[in-house]
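A.B. asks: Residues per chain are reported as follows:
Protein chains: 2
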Amino acid sequence: MSASLPVEYQDVVRAAIRLDGVAHRTPVLTSRTLDDQVAARVFFKCENLQRMGAFKFRGAYNALSQLAARGSASGAIAYSSGNHAQAVALAGRLTGLSATIVMPENAPAVKLAATRDYGAEVITYDPEVIVREELAAQLAAERDLHLIPPFDHPHIIAGQGTAVRELLQEAGPLDLLLVPCGGGGLLSGSVLSARALSPGCRVVGVEPELGDDATRSFRTGKLCTVKNPATIADGARTSALGELTFPMVTQLVDDMVTVTDDALVAAMRWTMERMKIVVEPTAVLGLAALMERAVNAEGMRVGIVLSGGNVDLKQFAAWFGK
Amino acid sequence: MSASLPVEYQDVVRAAIRLDGVAHRTPVLTSRTLDDQVAARVFFKCENLQRMGAFKFRGAYNALSQLAARGSASGAIAYSSGNHAQAVALAGRLTGLSATIVMPENAPAVKLAATRDYGAEVITYDPEVIVREELAAQLAAERDLHLIPPFDHPHIIAGQGTAVRELLQEAGPLDLLLVPCGGGGLLSGSVLSARALSPGCRVVGVEPELGDDATRSFRTGKLCTVKNPATIADGARTSALGELTFPMVTQLVDDMVTVTDDALVAAMRWTMERMKIVVEPTAVLGLAALMERAVNAEGMRVGIVLSGGNVDLKQFAAWFGK
Chain A
1 MSASLPVEYQ DVVRAAIRLD GVAHRTPVLT SRTLDDQVAA RVFFKCENLQ RMGAFKFRGA
61 YNALSQLAAR GSASGAIAYS SGNHAQAVAL AGRLTGLSAT IVMPENAPAV KLAATRDYGA
121 EVITYDPEVI VREELAAQLA AERDLHLIPP FDHPHIIAGQ GTAVRELLQE AGPLDLLLVP
181 CGGGGLLSGS VLSARALSPG CRVVGVEPEL GDDATRSFRT GKLCTVKNPA TIADGARTSA
241 LGELTFPMVT QLVDDMVTVT DDALVAAMRW TMERMKIVVE PTAVLGLAAL MERAVNAEGM
301 RVGIVLSGGN VDLKQFAAWF GK
Chain B
1 MSASLPVEYQ DVVRAAIRLD GVAHRTPVLT SRTLDDQVAA RVFFKCENLQ RMGAFKFRGA
61 YNALSQLAAR GSASGAIAYS SGNHAQAVAL AGRLTGLSAT IVMPENAPAV KLAATRDYGA
121 EVITYDPEVI VREELAAQLA AERDLHLIPP FDHPHIIAGQ GTAVRELLQE AGPLDLLLVP
181 CGGGGLLSGS VLSARALSPG CRVVGVEPEL GDDATRSFRT GKLCTVKNPA TIADGARTSA
241 LGELTFPMVT QLVDDMVTVT DDALVAAMRW TMERMKIVVE PTAVLGLAAL MERAVNAEGM
301 RVGIVLSGGN VDLKQFAAWF GK
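Top to bottom, those sequences are chains A and B.
Residues in the first sequence are numbered from 1 upward in steps of one, following the numbering used here.
Residues in the second sequence are numbered from 1 upward in steps of one, following the numbering used here.
Some hints here could point you the wrong way.
It does not matter which identical chain is used: a pair holds within one copy or between any two.
[What the hints assert, rightly or not] Derived pair list, reagent style DMTMM-like, types lysine to aspartate or glutamate, alpha-carbon separation capped at 25 Å: (1) K222 / E133; (2) K227 / D262; (3) K314 / D262; (4) K314 / D11; (5) K314 / E134; (6) K314 / D117; (7) K222 / D144; (8) K322 / D117; (9) K227 / E134; (10) K227 / E128; (11) K322 / D234; (12) K222 / D152; (13) K227 / D126; (14) K222 / D126.
These aren't lab readings, by the way, just hints derived from the structure by calculation.
With the sequences and hints as input, model every part of the structure.
C.D. replies: Next comes the structure, spelled out in structure tokens:
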């Protein structure tokens, strides 16, 4: 904890004020069956029930609303084939800023359509020959657009931190908090809220075993990378932590653990059968860690962030059809 | 509205007191996308997030807790292959009363197991040769058990009415309320709460087209029946309204409409993709009626009871795999 952190809890508080009445204050759900099973008291923060189906809306709106408040005439540009694309698109529509999203031409048609439905201009590229970061930077310069990165930005991190702030306000202090980790934006924001509102809470980031770069970075203190991991947790396929999230995760988080894709399918099945909510694979990283006993939670009050619910229903046949 | 009604709103209030702290006060969710689409303001009462996954817990617990409070030494018996079985089983466990459930031997293994998991004794029968009502009545007499019917009982109706009571307390007065109708227990209880808390609200029951007995009963004023309707809405496969629910539905409800099974699949898909919650076919009867414009809702504040979320995930492949 030092004054040199790029984002502080006060930034999360300011983000919460911007998001008030715009983002859903998502419900916190519990399951007595699970509590009995794991001998703990578990609180699920249901960001799958957030607008556009994921916590990503929080960070995107926090960033774009500040651009709009400054009277920016330029729009926003983002590169994403996932939830960040729809988050920036929706935030653009709500703030009146144009949103341009760079997406691979082989992205699922349903995701391209959803992003356009929110009013964004979608620019597709051939991922075999184009590096998306370079294309987005080039378009940002040519068109005078603000690049909104998916996680490595103070406004994004601060916005994502508002979910755990709400969780702690509603559930009270926790002993353990399990947070999915892709690029580390959600995890970094979450740990700020936890340190401020529940100082004794152990904060653990969870990654898929196939995309364990942040866990290795955490263990070694050096930035590790992973290339196109084949995990079903598409929100955690990021190659590495960022310039801001690397120091935040390694300095503030208590531990990092990994779970297998099989454990993710089992946790998704449990969540849909017992909690009756739709979750994407990345969303159940924390629950899978709890169910697999990758962390000790016995007798504890445990918070789990269910990060999103954007899945193609056709996938269900592959996961649950047997 | 007459003093001769077998259940009154005050019975719903008393049921709510019994259920306080035992049943979940389920969330009321909204969708701006849907509101734009149908030009209305829609409030979903999410009973799919109720304990054991359906509103049925409310009525069963209201019935069994009164038996237990009277110091009954005898347990409860019920016949059901659906949500009522698990509801009575769970209510039995919570009240300390034994629960015996009569289920067809060809019921899905997962439902038989779930009912046993809640601590009930399951007695199976061959539906080709045995009439379940007769078997249950015989067992009730032999073993001195209280028969808890699935819908046609004042305690069941009063308990089911607590869901819409909560909805109106949270959302405020409504112009239109859409409620699934099987045996009419939920619909009868709901209309009591609506009349008391939102007198101007139009209450409409919704049935699957293939199981339209209550709609025909409502239109003709005579009790109509249907035999083993092949609808996917398994909660609405009941053959007829009951002795209590027939007069309540025909006297108190404003209208009855039907929807096709195709409309149910479309409404389930929408609910899972956009609301991110798991619903069973019966749960979306009201939403399907709204989406199909089977009722006029323009400019209205509309309540929809999503009655349950107990589906076998294997079914998803058939419904959403294409």
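A.B. asks: With reference to the structure, classify each hint as holding or not holding.
C.D. replies: For each hint, the structure was consulted:
no.	hint	verdict
1	K222 / E133	within (23 Å within a copy, 69 Å between copies)
2	K227 / D262	within (20 Å within a copy, 43 Å between copies)
3	K314 / D262	both (18 Å within a copy, 17 Å between copies)
4	K314 / D11	neither (39 Å within a copy, 45 Å between copies)
5	K314 / E134	neither (33 Å within a copy, 43 Å between copies)
6	K314 / D117	within (20 Å within a copy, 31 Å between copies)
7	K222 / D144	neither (35 Å within a copy, 71 Å between copies)
8	K322 / D117	between (34 Å within a copy, 22 Å between copies)
9	K227 / E134	within (18 Å within a copy, 65 Å between copies)
10	K227 / E128	within (14 Å within a copy, 59 Å between copies)
11	K322 / D234	both (22 Å within a copy, 22 Å between copies)
12	K222 / D152	within (17 Å within a copy, 67 Å between copies)
13	K227 / D126	within (18 Å within a copy, 57 Å between copies)
14	K222 / D126	neither (32 Å within a copy, 66 Å between copies)
The structure does not agree with the numbered hints 4, 5, 7, 14 stated previously, though it agrees with the rest.
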